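Asker: Here is what each chain is made of, one letter per residue.
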Amino acid sequence: MFATLVRLLGDFDLAEEALHEAFRAALEQWPSEGVPANPRAWLVSTGRFKAIDAIRRRARFDPLEEEHAESLAAEAPAEREPIDDDCLRLIFTCCHPALAQDAQVALTLREVCGLTTEEIARAFLTPPPTLAQRIVRAKNKIRDARIPYEVPAGPQLAERLDAVLRVVYLVFNEGYSASTGNSVTRADLSAEAIRVGRLLVDLLPEPEASGLLALMLLQESRRASRASASGDLIRLEDQDRSRWNRELIAEGVALVERALGSRRFGPYTLQAAIAAVHAEAPSARDTDWQQIVALYDVLARLDPSPVIDLNRAVALAMRDGPAAGLAVVDAILARGELKDYHLAHAARADLCRRLGRRADARASYERALALVRQEPERRFIQQRLAELRS
Amino acid sequence: MKYLCLVYGEEQALQAMDDRHCVAYDEEIRGSGQCIASEALQPVSTATTVRVRNGKVSVIDGPFAETKECLAGFYMIEARDLNEAIQIAARIPPAQVGSVEVRPIRPIRETVRAMQKEEASHGVR
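These protein sequence lines are chains G and U, in that order.
Start counting at 1 in the first sequence, then tack on 67, and there's your number in our numbering.
Start counting at 1 in the second sequence, then tack on 4, and there's your number in our numbering.
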């Protein structure tokens, strides 16, 4: 309903106010007059009229508003406009690349997921006034620069869908592995991201939307096993795989297969395919590392990044042994882009450890420790260091 | 809605561009009615900056801000919304070597006119 009102009124604040007024009217009228046949339509149309009234009232003070009210009143709303389309429009507006990335995330959580400003501020460890200001600034830009309320068509769709998927995945990751702070998971944010992911797959038959949903479901399937009761991180190879959520895995795997079958898949689908190989393996040793390295090869071609190269090197070490992996990791570190990335040093340390090069392993773990920001990961590295010293 | 597309870039890179491409695009969007005004600017070495402080005019050689990328030209366009404006801006040839800043136009004359109308009607009462 909110999304529909935003379309009809062309303004977030006006739509919020209108919906509020419509609910107030319903509370007054429904008990005595009975619930209308289509309550949703009643609320939308009541909200729209309340908003036009409000603008007309304001028009007495601002002549520009008069024109606005009359143009809104003249535009008869198209009957039976599908509500889902409005929701999709809202997502694309909130994730418009002309808005700052952090504003896209905040707006999506607030307007699409319905979280309060305080909830979002808490989740991102941002002071509420800062977050509120970010949202106000974004709404002002939507209005003043006239960011349209539409799902882009044709060649623009692919680019813009990328921006939407990036925001959804950012929200998921913030919930899955908080970038700072003391908790490994903040489940609410991940649940919201999955909810929006499902919505996208339902409304937009794009393979990458399926790929992203699959990726999130497959990562989510491991949530229960990736941290110990005391909040310590458990690595993939050490996780109790009987605790992985088979239902989520089945859903994720089916989505990956569908996306791969389309032949228009992208990086999210490939990452999901890698996650699916892990999900279907009985143990780290009995994982199809050949397949994983091959998928990373395709991914590195499609979406070159040093982090993907690093992950590929780790998979290579599982396939061909730690010495082969270490040579590649050292080459990546020598390139310099990942020299401040704690996981690159942790990966090197682990390979050195497996090769029995304890001094090198220690040095790399210490480098990783100096760079790590998340508490559970810090504890994990400290534990490894302690094992090496003993 | 009107948008001003400000074309920025490093002068050397812009000078290496073929003027004919720029003029061809200009003719195309003027023909479609989407361009209201457009001009290319002389190099930034010809810029003069004027300020008035305490009633005194100060004139300084050079641009308002020294940056590597400087203003090289502008297009005033008419677009339905920001999405259309972005599409038009993306096809401005120097966008390939520099940047195009897209700024919505503030209807300042309309606002002032509406204020004056309002004041006048109060005066009548």
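Keep in mind the hints are simulated off the structure, nothing from the lab.
Careful: at least some of the hints might be erroneous.
Claimed, not checked - Result set (DSSO-like, lysine-lysine): computed pairs, CA atoms no more than 27 Å apart in a straight line:
#, chain 1, residue 1, chain 2, residue 2
1, G, K117, G, K206
2, U, K121, U, K6
3, G, K208, G, K117
4, U, K6, G, K208
5, U, K60, G, K206
Given the structure is predicted, the values throughout are model-derived calculations rather than measurements.
Asker: With reference to the structure, classify each hint as holding or not holding.
Answerer: Okay, the hints, checked on the actual structure:
At roughly 21 Å between alpha-carbon atoms, K117 of chain G and K206 of chain G fall within 27 Å of each other, so this suggested pair holds. For the suggested pair K121 of chain U and K6 of chain U, the alpha carbons sit about 24 Å apart, so the restraint of at most 27 Å is met. For the hint linking K208 of chain G to K117 of chain G, the alpha-carbon distance of about 24 Å falls within 27 Å, and the restraint holds. Of the supplied pair hints, the one linking K6 of chain U and K208 of chain G holds, its CA atoms being roughly 15 Å apart against a limit of 27 Å.
Distance hint between K60 of chain U and K206 of chain G is unfulfilled; the C-alpha atoms sit about 40 Å from each other, more than 27 Å.
Of the numbered hints given earlier, the model fails hint 5 alone.
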